[in-house]
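Novice: Sequence:
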Amino acid sequence: MSSVLLRNLLALLLFSLTLQASDGQFEEWCIADEQTPDDELQRALDWACGRGGADCSKIQPHNACYLPNTIRDHASYAFNNYYQKFKHKGATCYFNAAAMITDLDPSKMSKKSLHNSLQFSLDMCCSFLAI
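Residues -24 to -1, 1 to 107 (mature numbering (1 follows the signal peptide of the UniProt record, and there is no 0)) make up the sequence shown, in order.
Heads up, some of the hints might be wrong.
DSS-like cross-link-like pairs, simulated, lysine-lysine; straight-line CA separation at most 27 Å [as the list claims (entries may be wrong)]:
no. : residue 1 : residue 2
1   : Lys34     : Lys84
2   : Lys34     : Lys63
3   : Lys34     : Lys65
4   : Lys63     : Lys84
5   : Lys61     : Lys34
6   : Lys84     : Lys61
Note that these hints are calculated values from the structure, not bench results. Note that the structure is predicted; figures quoted are calculated from it, not measured.
The task is simple: from the sequences and hints, build the whole structure.
Specialist: This is the structure in structure tokens:
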């Protein structure tokens, strides 16, 4: 009887964890670190969009995520695109210390909690999870 109870408890625990994951509780975003100077962000952005293999087409002029046209906003988009695309292959959100992981969905944070230009970019731009 106790093995049946244990099996049922484990099944409930697994089901609970699956529900939490599907609600987005375990999602992560890779964004530009606010303390990183623009020249370092530009180098990391160039790598991500070049050799790194991120899809940066949406941050090109006249495309959906181009505005605001700042290095920090474009870097956040590129860093997250790269991270979401390659994390299952062991990629990290490091970019020579220019980026950081957040578990708070940047598109749902208040304007007071993020730098205004980053927030505007995330509100106006597509979901970071779209690849």
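Novice: Against each hint, give a clear statement of whether it holds in the structure.
Specialist: We went through each hint and held it up to the structure:
1. Lys34 - Lys84: Holds - the C-alpha atoms of Lys84 and Lys34 are around 20 Å apart, at most 27 Å.
2. Lys34 - Lys63: Cα-Cα ~20 Å, so holds.
3. Lys34 - Lys65: OK: Lys34 and Lys65 at ~23 Å, within 27 Å.
4. Lys63 - Lys84: This hinted pair holds, its Cα atoms lying about 23 Å apart.
5. Lys61 - Lys34: Holds - the C-alpha atoms of Lys34 and Lys61 are around 15 Å apart, at most 27 Å.
6. Lys84 - Lys61: Roughly 21 Å separates the two Cα atoms, so the pair holds.
The structure agrees with every numbered hint stated previously.
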